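*Asks:* In the order they appear, the protein sequences are chains A and B. Position 25 of the first sequence, counting from 1, maps to 25 under my numbering, and the rest follow consecutively. Position 229 of the second sequence, counting from 1, maps to 229 under my numbering, and the rest follow consecutively.
Please note that a few of the clues may not be correct.
Note that the list lumps identical chains together, so a pair holds whenever it fits in one copy or between two copies.
When the alpha-carbon atoms are kept at most 25 Å apart in a straight line, the in silico SDA-like pairs for lysine to any residue are as follows [said to hold, decoys possible]:
id	residue 1	residue 2
1	Lys167	Ile138
2	Lys338	Gln199
3	Lys167	Thr308
4	Lys226	Leu272
5	Lys338	Asn114
Simulated from the structure, these hints should not be mistaken for laboratory data. Predicted model, so just to flag it, every value in this text is computed and none were measured.
Protein chains: 2
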Amino acid sequence: MKQMLLITIIGLLLTSTPGRASELFFAELDDFRLENGQVIRDCKIGYRTFGSLNEQKSNAILFPTWFGGTSAQLAALIGPGKLVDSTSYFVIAVDALGNGVSSSPSNSESQPGNAFPEFSIHDMVRSQHHLVNEILGIKHLYAIIGGSMGGMQAFDWIISYPDFMDKAIPYVGSPQLTSYDLLLFSTQLLLLEMGLRHQLPADSLLGAVSSIQMLGAQTPGYFVEKNTRDDFPAYFQNRLTNVSKTFTAMNYVAQLRAMINHDIARYFYGDLQKAAAAVKAELLIIVAEQDHLVNPRPALQFAEWIGTRPLILGSDCGHLAVSCEMERVVQAIEDFLKE
Amino acid sequence: MKQMLLITIIGLLLTSTPGRASELFFAELDDFRLENGQVIRDCKIGYRTFGSLNEQKSNAILFPTWFGGTSAQLAALIGPGKLVDSTSYFVIAVDALGNGVSSSPSNSESQPGNAFPEFSIHDMVRSQHHLVNEILGIKHLYAIIGGSMGGMQAFDWIISYPDFMDKAIPYVGSPQLTSYDLLLFSTQLLLLEMGLRHQLPADSLLGAVSSIQMLGAQTPGYFVEKNTRDDFPAYFQNRLTNVSKTFTAMNYVAQLRAMINHDIARYFYGDLQKAAAAVKAELLIIVAEQDHLVNPRPALQFAEWIGTRPLILGSDCGHLAVSCEMERVVQAIEDFLKE
Numbered sequence: 001m002k003q004m005l006l007i008t009i010i011g012l013l014l015t016s017t018p019g020r021a022s023e024l025f026f027a028e029l030d031d032f033r034l035e036n037g038q039v040i041r042d043c044k045i046g047y048r049t050f051g052s053l054n055e056q057k058s059n060a061i062l063f064p065t066w067f068g069g070t071s072a073q074l075a076a077l078i079g080p081g082k083l084v085d086s087t088s089y090f091v092i093a094v095d096a097l098g099n100g101v102s103s104s105p106s107n108s109e110s111q112p113g114n115a116f117p118e119f120s121i122h123d124m125v126r127s128q129h130h131l132v133n134e135i136l137g138i139k140h141l142y143a144i145i146g147g148s149m150g151g152m153q154a155f156d157w158i159i160s161y162p163d164f165m166d167k168a169i170p171y172v173g174s175p176q177l178t179s180y181d182l183l184l185f186s187t188q189l190l191l192l193e194m195g196l197r198h199q200l201p202a203d204s205l206l207g208a209v210s211s212i213q214m215l216g217a218q219t220p221g222y223f224v225e226k227n228t229r230d231d232f233p234a235y236f237q238n239r240l241t242n243v244s245k246t247f248t249a250m251n252y253v254a255q256l257r258a259m260i261n262h263d264i265a266r267y268f269y270g271d272l273q274k275a276a277a278a279v280k281a282e283l284l285i286i287v288a289e290q291d292h293l294v295n296p297r298p299a300l301q302f303a304e305w306i307g308t309r310p311l312i313l314g315s316d317c318g319h320l321a322v323s324c325e326m327e328r329v330v331q332a333i334e335d336f337l338k339e
Numbered sequence: 001m002k003q004m005l006l007i008t009i010i011g012l013l014l015t016s017t018p019g020r021a022s023e024l025f026f027a028e029l030d031d032f033r034l035e036n037g038q039v040i041r042d043c044k045i046g047y048r049t050f051g052s053l054n055e056q057k058s059n060a061i062l063f064p065t066w067f068g069g070t071s072a073q074l075a076a077l078i079g080p081g082k083l084v085d086s087t088s089y090f091v092i093a094v095d096a097l098g099n100g101v102s103s104s105p106s107n108s109e110s111q112p113g114n115a116f117p118e119f120s121i122h123d124m125v126r127s128q129h130h131l132v133n134e135i136l137g138i139k140h141l142y143a144i145i146g147g148s149m150g151g152m153q154a155f156d157w158i159i160s161y162p163d164f165m166d167k168a169i170p171y172v173g174s175p176q177l178t179s180y181d182l183l184l185f186s187t188q189l190l191l192l193e194m195g196l197r198h199q200l201p202a203d204s205l206l207g208a209v210s211s212i213q214m215l216g217a218q219t220p221g222y223f224v225e226k227n228t229r230d231d232f233p234a235y236f237q238n239r240l241t242n243v244s245k246t247f248t249a250m251n252y253v254a255q256l257r258a259m260i261n262h263d264i265a266r267y268f269y270g271d272l273q274k275a276a277a278a279v280k281a282e283l284l285i286i287v288a289e290q291d292h293l294v295n296p297r298p299a300l301q302f303a304e305w306i307g308t309r310p311l312i313l314g315s316d317c318g319h320l321a322v323s324c325e326m327e328r329v330v331q332a333i334e335d336f337l338k339e
């Protein structure tokens with residue numbers, strides 16, 4: 001743990017230039033007890049920092065990863081003119097449990113594969129709270145921003161630690177899943193579980209199942225615009241063969257399960273409106289109107305209950321609307337963080 | 001063959017009352033040679049007739065089935081006030097190859113399962129032409145109407161037998177598949193092929209894979225409107241356990257393959273515009289603007305080339321828009337057939 005703190009301090013020094021590329025650090029959580037009572041042994045949480053923490057420690061922004069995403073991928077969204085400007089903020093990009101960087105079925109030595117305990121979105125959030133609060137010694141976050149599954153974590157954060165942040169920006173995320181999201185994710189989970197149980201080659205299986213995810217990643221109109229009939233065989237072949245080495249089938253299953261069970265209303269006996277009433281942070285909720293991967297309806301309902309005006313992206317990019325309307329989103333986030 | 005003709009004649013007599021329920025008949029095509037040179041042994045094509053054939057034999061309308069559909073299911077769309085009014089028309093509902101009623105991997109005695117030869121949408125159409133022209137002795141159809149995969153057959157019909165009909169009504173069908181349709185169907189095909197090769201239980205596999213199809217069957221908005229989060233477990237369980245007994249995994253694979261290879265431009269060296277120029281029948285092309293199962297773009301482009309005004313359904317039912325906007329569609333079809 002001491003060694004880790006030292007590495008962390010060196011890391012902070014190294015990353016004091018705003019926007020520069022950042023190294024990967026690991027916070028050691030030792031035995032991390034999950035909300036279901038099980039324990040992740042030697043739990044490690046990966047993270048990278050950008051910009052400088054001010055003296056008052058009041059400018060930290062936490063940025064958790066999307067489904068299968070890594071802090072390395074988040075780096076592309078951090079810096080001047082990017083989604084989060086690290087010129088004025090100290091940005092902590094954190095790897096979610098199960099992403100193949102933080103502790104995961106794929107990289108656990110003592111609990112590999114099926115032996116890895118089932119964790120939740122809330123456990124991801126708890127592990128991140130431990131990282132920020134105890135390991136980095138930051139007692140309050142200025143903001144949390146997260147997209148997709150990162151948005152789910154942001155929604156859990158504002159309920160689980162309502163006083164811990166001033167602001168939160170969940171984008172293309174959701175406080176709970178709709179029936180359509182459940183259909184999309186449960187179908188993938190079921191096929192992966194069946195396939196793994198019958199010893200199908202895991203990479204081929206994952207390539208095929210993750211194509212289901214692609215069906216929801218953008219609108220059909222956008223996909224057809226970007227890919228011709230003739231492009232398709234190469235596109236599909238590429239998807240099937242270029243399977244992630246870190247986000248393995250077992251990791252995919254683990255994070256799918258976490259998303260399927262995600263529902264911040266569960267802390268309020270299933271009443272999402274009560275959850276909304278408990279929020280203390282200021283919210284900028286960003287949704288894509290035509291999102292086919294994370295249905296925007298619960299987030300919009302939540303915004304209405306809170307009385308905050310959501311940013312609704314209308315492009316036909318669907319779930320990927322933030323990258324398609326980046327300029328508009330960057331401006332809205334910059335304004336919201338300045339307020 | 002003689003016996004079949006006799007049964008057919010009795011069938012015609014039996015079904016002379018417009019709109020009454022109809023018996024299932026089988027046309028025996030003996031050894032039916034496919035376009036790939038292979039042969040379906042003892043090929044049988046199921047069909048049902050509704051209404052009466054007039055003396056001039058000029059009022060026959062052919063109605064092929066959708067993906068997995070049967071002539072028994074089509075019956076619900078035939079009759080006064082229905083999609084096709086059998087008061088004035090002699091409607092022939094025909095089971096497509098591979099649907100589990102007509103010759104299929106599931107019901108072939110000499111070529112069961114994998115031994116069943118691969119057939120195309122064009123082969124379905126050729127088998128239907130044989131049925132109408134030689135077995136029923138009808139040398140000209142007044143019209144062809146078909147939805148979804150039935151619409152694909154209608155598109156093939158107007159190119160393969162351009163003089164054989166006056167009119168055609170492909171609804172939520174397509175002259176060729178887009179990249180998105182290919183992604184949707186190829187993902188299902190790949191998972192079924194992998195699963196069957198590794199001896200996964202076929203019914204469970206089919207239940208899971210056909211859930212992918214449900215993702216495209218309606219818009220996410222419509223699905224969420226109709227199914228709450230709480231409804232989902234029962235909905236999903238029901239889908240997984242109530243798997244069709246006739247449209248088996250092997251049949252599903254066979255018809256998926258036929259759809260994936262469907263492209264009427266192939267008769268014109270890949271030039272869809274040339275295909276449009278070769279059409280002689282009058283067309284009423286019906287599409288759903290938000291169709292996520294059969295992308296409307298090629299059908300709309302085709303309509304533009306032909307210079308015919310398509311009927312565009314705007315509801316958020318997606319691929320199921322025809323049932324959601326039935327009254328409007330029934331009126332449009334009635335008017336088009338009367339013209």
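*Asks:* Reference check for the pair Lys338 and Asn114, CA-CA at most 25 Å: within, between, both, or neither?
*Replies:* neither (45 Å within a copy, 65 Å between copies)
*Asks:* My question is about Lys338 and Gln199: at a cut-off of 25 Å on alpha-carbon distance, are they close within one copy, between copies, both, or neither?
*Replies:* Close neither inside one copy (53 Å) nor across copies (59 Å); limit 25 Å.
*Asks:* Which holds for Lys226 with Leu272 at a C-alpha limit of 25 Å: within a copy, between copies, both or neither?
*Replies:* between (38 Å within a copy, 19 Å between copies)
*Asks:* Check Lys167 against Thr308 for me: Cα-Cα at most 25 Å, and say if that holds within a copy, between copies, both or neither.
*Replies:* Within one copy, since 12 Å is at most 25 Å while 55 Å is not.
*Asks:* I want to check one pair: Lys167 and Ile138. Are their C-alpha atoms no more than 25 Å apart within a copy, between two copies, both, or neither?
*Replies:* within (15 Å within a copy, 73 Å between copies)
Of the numbered hints stated above, those contradicted by the structure are hints 2, 5, listed in ascending order.
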